[in-house]
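Novice: Listed below are the residues making up each chain.
Protein chains: 2
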Amino acid sequence: MILAAGEGSRLARIRNGTPKPAVKLLGLSLAERTITACNAAGIHRFLVVLGHEADQVRAHYQEIAARRHCDIDFVIAQDWKLGNGASALAAATKLDDAPFLLTMSDHLIAPSLIEQILLARPEQGEVSLAVDRNKTGVFDVDDVTKVATSDDRVVCIGKSLEEWDAADTGVFFCTDALFSALTRAHEQEKYSLTDGVRDLAEAGKVNAIDVTGEDWIDVDTPEAFGEARRRLLASLTKGSEDGYISLRLNRPLSTRLSAHLATTGITPNQITVISFLISLVGAGLLSVGLFATGILGGLLVQAASVIDGCDGEVARLKHLSSPRGAWLDTVLDRYADMAVTLAVTFAYAAVHPGPFPWIIGFLAAFGFILASYVTKEFGIRTGEPYPNDVLNRLKRRDLRVFIICLGAVVDRPFEALMIAGALTHLCVIGVLMRGWKRSGLVERRT
Amino acid sequence: MILAAGEGSRLARIRNGTPKPAVKLLGLSLAERTITACNAAGIHRFLVVLGHEADQVRAHYQEIAARRHCDIDFVIAQDWKLGNGASALAAATKLDDAPFLLTMSDHLIAPSLIEQILLARPEQGEVSLAVDRNKTGVFDVDDVTKVATSDDRVVCIGKSLEEWDAADTGVFFCTDALFSALTRAHEQEKYSLTDGVRDLAEAGKVNAIDVTGEDWIDVDTPEAFGEARRRLLASLTKGSEDGYISLRLNRPLSTRLSAHLATTGITPNQITVISFLISLVGAGLLSVGLFATGILGGLLVQAASVIDGCDGEVARLKHLSSPRGAWLDTVLDRYADMAVTLAVTFAYAAVHPGPFPWIIGFLAAFGFILASYVTKEFGIRTGEPYPNDVLNRLKRRDLRVFIICLGAVVDRPFEALMIAGALTHLCVIGVLMRGWKRSGLVERRT
Numbered sequence: 001m002i003l004a005a006g007e008g009s010r011l012a013r014i015r016n017g018t019p020k021p022a023v024k025l026l027g028l029s030l031a032e033r034t035i036t037a038c039n040a041a042g043i044h045r046f047l048v049v050l051g052h053e054a055d056q057v058r059a060h061y062q063e064i065a066a067r068r069h070c071d072i073d074f075v076i077a078q079d080w081k082l083g084n085g086a087s088a089l090a091a092a093t094k095l096d097d098a099p100f101l102l103t104m105s106d107h108l109i110a111p112s113l114i115e116q117i118l119l120a121r122p123e124q125g126e127v128s129l130a131v132d133r134n135k136t137g138v139f140d141v142d143d144v145t146k147v148a149t150s151d152d153r154v155v156c157i158g159k160s161l162e163e164w165d166a167a168d169t170g171v172f173f174c175t176d177a178l179f180s181a182l183t184r185a186h187e188q189e190k191y192s193l194t195d196g197v198r199d200l201a202e203a204g205k206v207n208a209i210d211v212t213g214e215d216w217i218d219v220d221t222p223e224a225f226g227e228a229r230r231r232l233l234a235s236l237t238k239g240s241e242d243g244y245i246s247l248r249l250n251r252p253l254s255t256r257l258s259a260h261l262a263t264t265g266i267t268p269n270q271i272t273v274i275s276f277l278i279s280l281v282g283a284g285l286l287s288v289g290l291f292a293t294g295i296l297g298g299l300l301v302q303a304a305s306v307i308d309g310c311d312g313e314v315a316r317l318k319h320l321s322s323p324r325g326a327w328l329d330t331v332l333d334r335y336a337d338m339a340v341t342l343a344v345t346f347a348y349a350a351v352h353p354g355p356f357p358w359i360i361g362f363l364a365a366f367g368f369i370l371a372s373y374v375t376k377e378f379g380i381r382t383g384e385p386y387p388n389d390v391l392n393r394l395k396r397r398d399l400r401v402f403i404i405c406l407g408a409v410v411d412r413p414f415e416a417l418m419i420a421g422a423l424t425h426l427c428v429i430g431v432l433m434r435g436w437k438r439s440g441l442v443e444r445r446t
Numbered sequence: 001m002i003l004a005a006g007e008g009s010r011l012a013r014i015r016n017g018t019p020k021p022a023v024k025l026l027g028l029s030l031a032e033r034t035i036t037a038c039n040a041a042g043i044h045r046f047l048v049v050l051g052h053e054a055d056q057v058r059a060h061y062q063e064i065a066a067r068r069h070c071d072i073d074f075v076i077a078q079d080w081k082l083g084n085g086a087s088a089l090a091a092a093t094k095l096d097d098a099p100f101l102l103t104m105s106d107h108l109i110a111p112s113l114i115e116q117i118l119l120a121r122p123e124q125g126e127v128s129l130a131v132d133r134n135k136t137g138v139f140d141v142d143d144v145t146k147v148a149t150s151d152d153r154v155v156c157i158g159k160s161l162e163e164w165d166a167a168d169t170g171v172f173f174c175t176d177a178l179f180s181a182l183t184r185a186h187e188q189e190k191y192s193l194t195d196g197v198r199d200l201a202e203a204g205k206v207n208a209i210d211v212t213g214e215d216w217i218d219v220d221t222p223e224a225f226g227e228a229r230r231r232l233l234a235s236l237t238k239g240s241e242d243g244y245i246s247l248r249l250n251r252p253l254s255t256r257l258s259a260h261l262a263t264t265g266i267t268p269n270q271i272t273v274i275s276f277l278i279s280l281v282g283a284g285l286l287s288v289g290l291f292a293t294g295i296l297g298g299l300l301v302q303a304a305s306v307i308d309g310c311d312g313e314v315a316r317l318k319h320l321s322s323p324r325g326a327w328l329d330t331v332l333d334r335y336a337d338m339a340v341t342l343a344v345t346f347a348y349a350a351v352h353p354g355p356f357p358w359i360i361g362f363l364a365a366f367g368f369i370l371a372s373y374v375t376k377e378f379g380i381r382t383g384e385p386y387p388n389d390v391l392n393r394l395k396r397r398d399l400r401v402f403i404i405c406l407g408a409v410v411d412r413p414f415e416a417l418m419i420a421g422a423l424t425h426l427c428v429i430g431v432l433m434r435g436w437k438r439s440g441l442v443e444r445r446t
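Those sequence lines, one after another, are chains B and U. Take 1 as the starting number for the first sequence in our numbering and just add one per residue. Take 1 as the starting number for the second sequence in our numbering and just add one per residue.
Here are the computed distance ranges between Cβ atoms for each label pair: (1) B:Glu241 - U:Ser322: 25 to 31 Å; (2) B:Leu119 - U:Gly379: 30 to 36 Å; (3) U:Gly383 - B:Arg229: 32 to 38 Å; (4) B:Glu241 - U:Ala234: 43 to 49 Å; (5) B:Leu119 - U:Asp96: 46 to 52 Å; (6) B:Leu47 - U:Asp152: 54 to 60 Å; (7) B:Arg438 - U:Thr263: 29 to 35 Å.
For the record, the hints were derived by calculation from the structure and aren't laboratory data. Beta carbons: idealized from backbone N, C-alpha and C, even for Gly.
The shape of chain B in the complex, shown without the other chains (with noise of 0.2 Å):
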């Protein structure tokens, strides 16, 4: 069940019109954003409550349940100008017995932060709420709803808490139990979702399931909405096996213009396909062997080394990830190698006659994608990813290409294929050594 009736004024900046949850963030609606992050963590129907521009708002969310092939009922609450919890009620008779998660149209929320409040079903008569207790992460602590707990249960809860432990983060399991509480909160002319979570806490009857360490973040203002966008872009980051170069350079510019991309109608394949063409442009450049059309050459080759970070950041800021997009990326990237390397040796070989410049370029390339092999071939051997040591990141594509780069700027782009070509057959001796001291431990896979 997801609440959608409320108007967002104080977003009203940011909204320019649009309805509060088709807002969009990095190409993405704060709908969908809901939406996505319960389907990762295997919720595939949706309740959702309407209010304020109905219409409009009920529209938005067919054209993702088309989209996203996920089932979307919905319910008019035509008292929602009282507040949440009416807007809640309403939902009362669409709902069967079974308990079912309760969350806000307008919340960003890590599909790991639902996975984890779907362990602990309610028992009948009772409410389960995720709570974050880290109180400095917070954003915006003056808005956040307050929670005071004992052990693991809520005692109170309320925006103007004095003392308090943990926020409430918008994300609930619950039964019926919640209906019975907000009638009863109704009659007393009291109309918001907590009023009728505090006459359950007061009965102890609501679980405080500790979330903490989990993203999550209300957005209902313009500055939350800019912190939202920031952690969106810092998660790209987060957990990659980046190389040196492609943690420094390549992914702060391909992060910014990943922020750019997702908001325009381009798929991430067709950013694969982009960067690989303005490779073979760089390559062609650098196939002419002078110091101008080198220096393009070996900039372009590298913008293009940037933008391939950008297809999978916009996969997965508007959750388009692909597998088949991932494997083209991976042989296209191949193709690039080979097509940089080849422009190369062959403006070398020009004014060098002689197989030397060959030889070198032909050494070069195979190494480059020997380095790969080699890793690959010790994850299938071992049963587990090569993991993302020295070795692993010296050999990677970014720093190459950014060698060749630097190389081409000072107009020596053969000698800095040359230093590329060495380094990653340093990489495969020394992969292939570490294979050779670690192998004697695993199962052989022929």
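We have chain B already, so just place chain U on it with the hints.
Specialist: Just chain U now, kept in the frame of chain B:
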């Protein structure tokens, strides 16, 4: 418990003075083959019953125990000349109450047969016997011990049984009921293992465990010895994912060679390195550019490709397989490919100036390794190895080495390289498309 007390007189011609368990079959003694089969099935503690030439046989088993890191105890059967039942009886006091596996030192048994009978733990007072119901597949049917069964019980057993439906494989899973039965038989002056088992069978205490389809053979005659050797060599090709040339040319040659190599002290890793060095010499000869050296070089490279199959075969024949050996082999094969491609291109470029030969050589070398790379990557992305389809067979090393050898023999090594290179790039595109079509179904792994 392994019976190794008999004389093995019928093998006299092959034994040549060696005690029967120590007779070597493709580099490993019969005794060691029994031990390694048990090891593979998870058994590492043994009791060996000695009789004929007890000291020599013990010394042989002790040497195996040290090398294979297993625990072998001994008992001497004074009465071994009476029969193998009398030998088995000698072990009665040396075993604790737990059920035990009983087999013969001179049977070649597949580990999977042992695994199957280990699943059929006998009840107290009973014995399980692995039987083969494929009567026509049994080697030397006159000599085999025959079994008559009713449902899953043995009703009668003996070499001269008129009506029988299964063969005794010589592998038992026993309780000490066997010793009581052997004692009863002994008192009636019947001294063979079969006599004891017949006594139990008549009481309905012998389970017939169907292991039809598993490989086993009683190596008690020169003919059986030859058959065992033939089966071991045949097992080297069974289930392997060979390419076209490997299947029809390399493997038949390499298994013959391996049969000889297994009887020498040469290790699989030494074979890997020798094969690599022969490739390098072949590449050196190909780089000269003369017809005669080209033919010799091409033939050496093809010979290296054949020998390259021997490392794994000898390892399997002698139970010396190691992951590090396979790892070394994989990486050296890639460098051998590079050397050959470079050599052929170098020779052609020497008489055809300009970048054309080098670009072709470059593309070919890149294709050779890229083809292996994409199938590995496909495997990683789908979670299962790339199937051994036409694309996979066409891109394998056996074929490209053969094409280049053929090219060298007709004085067209470079043209052959072009064909092999084009073929691998076509395979890469095929695998790419296959991945594109199918990986939509699979999880992304980044």
